[in-house]
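S.K.: Protein chains in written order, with our numbering: chain A, 1 to 679; chain B, 680 to 881.
Hints should not be assumed to be uniformly reliable.
As the list claims (entries may be wrong) - Computed from the model, here is a short list of chain A residues facing chain B with C-beta under 7 Å: (1) M343; (2) N390; (3) K579; (4) L586; (5) R588; (6) T590; (7) V614; (8) T618.
Hints were generated in silico from the structure; no laboratory data involved.
The model shown is predicted, which means the values in this text are computed figures rather than measured ones.
No residue lacks a Cβ here, since even glycine has one placed at the ideal position from N, Cα and C.
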Amino acid sequence: MTVLGNLALWIALLVALWGAVMGFAGGSQGRPELQLSARRAMFATTAALLVAVVSLEWALFTRDFNVEYVASYTSRNLPTFYTWSALYAGQKGSLLFWASVLAIFGTLAVVFTSARHRVYLPYVIGIVSIVVAFFVSAMLAAANPFERLPFTPVDGRGMNPQLQNPGMVFHPPMLYLGYISITIPFAFAMAALLSKRLDVEWLVAIRKWTLVSWLFLSIGILLGMWWAYVELGWGGYWAWDPVENASLLPWLTMTAFLHSVMVQEKRGMLKKWNLSLIIGSWLLSIFGTFITRSGVISSVHSFAQSGVGYFFLVFLVGSAVLSFWIYARRLPLLTAETRLESMVSREASFLFNNLLFVGIAFSVLWGTLFPILSEAVQGTKVTVGPPFFNQVNVPLGLALLALTGIGPLIAWRRASLPNLQRQFAMPVAAGLFAGLALLVAGMRQPLAVLAFSLGTFVLATVAQEFFRGISARHRQYGEGRALAAARLIGRNRRRYGGYVVHAGIVLLFAAFAGMAFKTETQATLRPGESATLRSPFGHEWTFTHLGVSQYDALNRLVTAGTVELARDGRRVGILKSEKRQHVDGLGRPTFEPSTEVGIRSDLREDVYVVMAGVVNGTEQTVYRFTLNPLVWWVWFGGYVVVLGGVIVMWPGGGPPAVRRTQAGYAVKLASQSQETRKS
Amino acid sequence: MTTITRRGFLQRSGALLAAGVTGSAIQSPAPDSLAGAGPSGRLWDPNRAGRSQAPTTERDSDPAIQVLEKRLKCTCGCGLDVYTCRTTDFTCTTSPAMHRDVLALLDQGLSEDEVVQAFVERYGVTVLMAPPKRGFNLAGYFVPSLAIVVAGAGLLVALRRWTRQAAVPASASAAGAPDAAAVAASPEELERLQHELDEFSA
Chain A
1 MTVLGNLALW
11 IALLVALWGA
21 VMGFAGGSQG
31 RPELQLSARR
41 AMFATTAALL
51 VAVVSLEWAL
61 FTRDFNVEYV
71 ASYTSRNLPT
81 FYTWSALYAG
91 QKGSLLFWAS
101 VLAIFGTLAV
111 VFTSARHRVY
121 LPYVIGIVSI
131 VVAFFVSAML
141 AAANPFERLP
151 FTPVDGRGMN
161 PQLQNPGMVF
171 HPPMLYLGYI
181 SITIPFAFAM
191 AALLSKRLDV
201 EWLVAIRKWT
211 LVSWLFLSIG
221 ILLGMWWAYV
231 ELGWGGYWAW
241 DPVENASLLP
251 WLTMTAFLHS
261 VMVQEKRGML
271 KKWNLSLIIG
281 SWLLSIFGTF
291 ITRSGVISSV
301 HSFAQSGVGY
311 FFLVFLVGSA
321 VLSFWIYARR
331 LPLLTAETRL
341 ESMVSREASF
351 LFNNLLFVGI
361 AFSVLWGTLF
371 PILSEAVQGT
381 KVTVGPPFFN
391 QVNVPLGLAL
401 LALTGIGPLI
411 AWRRASLPNL
421 QRQFAMPVAA
431 GLFAGLALLV
441 AGMRQPLAVL
451 AFSLGTFVLA
461 TVAQEFFRGI
471 SARHRQYGEG
481 RALAAARLIG
491 RNRRRYGGYV
501 VHAGIVLLFA
511 AFAGMAFKTE
521 TQATLRPGES
531 ATLRSPFGHE
541 WTFTHLGVSQ
551 YDALNRLVTA
561 GTVELARDGR
571 RVGILKSEKR
581 QHVDGLGRPT
591 FEPSTEVGIR
601 SDLREDVYVV
611 MAGVVNGTEQ
621 TVYRFTLNPL
631 VWWVWFGGYV
641 VVLGGVIVMW
651 PGGGPPAVRR
661 TQAGYAVKLA
671 SQSQETRKS
Chain B
680 MTTITRRGFL
690 QRSGALLAAG
700 VTGSAIQSPA
710 PDSLAGAGPS
720 GRLWDPNRAG
730 RSQAPTTERD
740 SDPAIQVLEK
750 RLKCTCGCGL
760 DVYTCRTTDF
770 TCTTSPAMHR
780 DVLALLDQGL
790 SEDEVVQAFV
800 ERYGVTVLMA
810 PPKRGFNLAG
820 YFVPSLAIVV
830 AGAGLLVALR
840 RWTRQAAVPA
850 SASAAGAPDA
860 AAVAASPEEL
870 ERLQHELDEF
880 SA
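With the hints as constraints, model all of the structure from the sequences given.
M.R.: Given below as structure tokens:
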């Protein structure tokens, strides 16, 4: 099968190059036969890469340890569930996964692009094919997953224990789907630039694909946070690691785009800015891939250092130069159709929103690269860890949270003073009340108080918008409140789905602020002994060590410490934390012993128990007990964000007039309206 | 009442699902008690429990020492601070040693800043989790904020200019906008636009 896999890679490379040439030639010359050839090449590339994936999976599932990749990431006793995920557990396999998914996305774009956007497709195929060809050539030159060993080991090395977690099965594909699918809106943007068809049509095509990327990336980031929380054992979910930062960067710029694109749709402004955001988002996704794979910046998440990083660096620089050169050549065609009428308008608030999104992205990028910069300038490689990022980004994040509430309250074009008073009175009062209540209740961390107050303000704006919309429908159509709510959302999916996303973001911010009250302790306990810890909610938690068990599982030897939990003297359950020594099929230890945490989660706080180890081979056990406030709300907030994203991107939604408005129709009508008034 | 953790729930759901697929019940690994033969009895196989741990003391959990150690980076290459590393990666021998050094320096009567300075002198500035605020490092802290402030000021200036241009009637807007007269819109469409604008304003 590895011969077939290698052959499939070579065919994919050649066909992708053919597709790129046919795509660009067909697009520029307008020749249908070349365009058809490009489409077929896209399909053929996808088929060839799927054959390569099946070949590698076959080798993984049959434990063909003569294949270096199989020997490196599987063992005879690796559970089937994780054998599938071995496909993207290592550098080489993940490159194949990336190229294959990109080809599938390219094919989906070809198949599902509506007739009015088909004019862009030859160029889209050309761009996607070039990117696919790059990934395949990187594989063939420096990271071939089908490379064979000169001997066949009896058993493989096995998968890193930390990757043997359900979160790690779903987190990387979701993150990859987000990263990879950014290529499609980028390809449409470049197609619009190359074809000089820069009317509103390209924007509609790009927005949908950007939403897809944004949603996948959001899910991927959230799953990564969950995995880090339950698996890494340090008791948090975000550590400002370079690889984590790399996933956040395109998310920030895409979120900026999803806001500013509304200004272009409704007012015909910000065309240059929107295009640069899409190009920048794609470049940041490639930058993230470079960071993960080059080893240029140390990270616990990155793949082993390899020469493939240099391929990415060259590709990144080349793509950036070429993209912005084409962009610069088309700038004269990207003039705004209308002018900003007032500094107090929704358009202006979106501009400040974009400033903050891009500003945070810049500060994260700056902090991530600062160690390299410092080494180049002052010869010292400094460490830029969480204290730095929190100091720089927390104020910016709070400002962004404030704008999340302010933006939707300001009218398009021009807001009047009575309008502002009417819109802001209730949300501002709610925010101030929340802040005062927290201060009276004894909360003294200023940033946390500010975060909760702003969160309340934003939630109040969302509630106010829903309430007014539902009431209007109730009055106008006599609908019941529930029906009015359902129809309100169903017919204005973008607007109200967006509000749901805002509510989810507030929950996330509140949960992040809750971690300021994290408390923990270490204790060494004999069976029957207890330790206590007071939570920020005033409860006294008692941890009683019950004993240690040892048993064998499929591919590991387990030592489990069991703790009985009591809150304010009342028993609430039992938690188990494990030390796992993974072994191969012959019972030989592989990797260092890993730790599995025990977590009890409720709406207020998580109890997080980590077994550090035992003392001198006895049942006397060293534990770390942590109380993490509001963590449940991180995951719930994540669900809400994803739900809002799904509502926004759900097909249909609203009568034709609304859809035309979304397609930039409002701009034309607004111009006509002005003309009519003048005459 | 037995508490079910998230992991436990997933494991049980997975086992049930697998049992449904294979049609047979999966035997869960028996959590036997081969381990101790009494309070603090010896484990059946101590080797599988990882590196032996030293009993902790109250100082190991001292909040002030936690804060101090979160300023120092473990030099084992993990990228974590000393406190997080020694309470997370229990195979690491570097962070426990650095913790002992912290305690020893505090015992000598050094203040927290002096302890940090002692570590900098020993390991270099890279031992700090965040660069000290001096020299070129100031750029690290202030360039992002400065860039945002400058961009914000630029944006304000641009906004003022754009809004002034928009305020100039007919001539300016006709020159900047596409030929509005060429755009056809029926009265119904204009009415619908007005309705939507009202909706946005609301």
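S.K.: The structure should be examined with respect to each hint, and the outcome stated for every one.
M.R.: To see whether the hints hold, each was checked on the structure:
Of the supplied interface hints, the one on M343/A holds, with its beta-carbon coming within about 5 Å of a beta-carbon of chain B, less than 7 Å. The beta carbon of N390/A is not positioned within 7 Å of any beta carbon in chain B (closest approach about 9 Å), and the interface hint is therefore violated. Restraint check, K579/A versus chain B: the minimum CB separation of about 5 Å is within 7 Å; hint holds. Given hint, L586/A at the interface with chain B, is violated; its Cβ is 16 Å from that chain's nearest Cβ, farther than 7 Å.
Contact between R588/A and chain B, as hinted, is not supported at the beta carbon level, the nearest pair being about 13 Å apart and thus beyond 7 Å. Restraint check, T590/A versus chain B: the minimum CB separation of about 13 Å is more than 7 Å; hint violated. Because the smallest distance between the Cβ of V614/A and any Cβ of chain B comes to about 5 Å, under 7 Å, the interface hint for this residue holds. The restraint placing T618/A at the interface with chain B holds, with a minimum CB-CB distance near 5 Å, inside the 7 Å limit.
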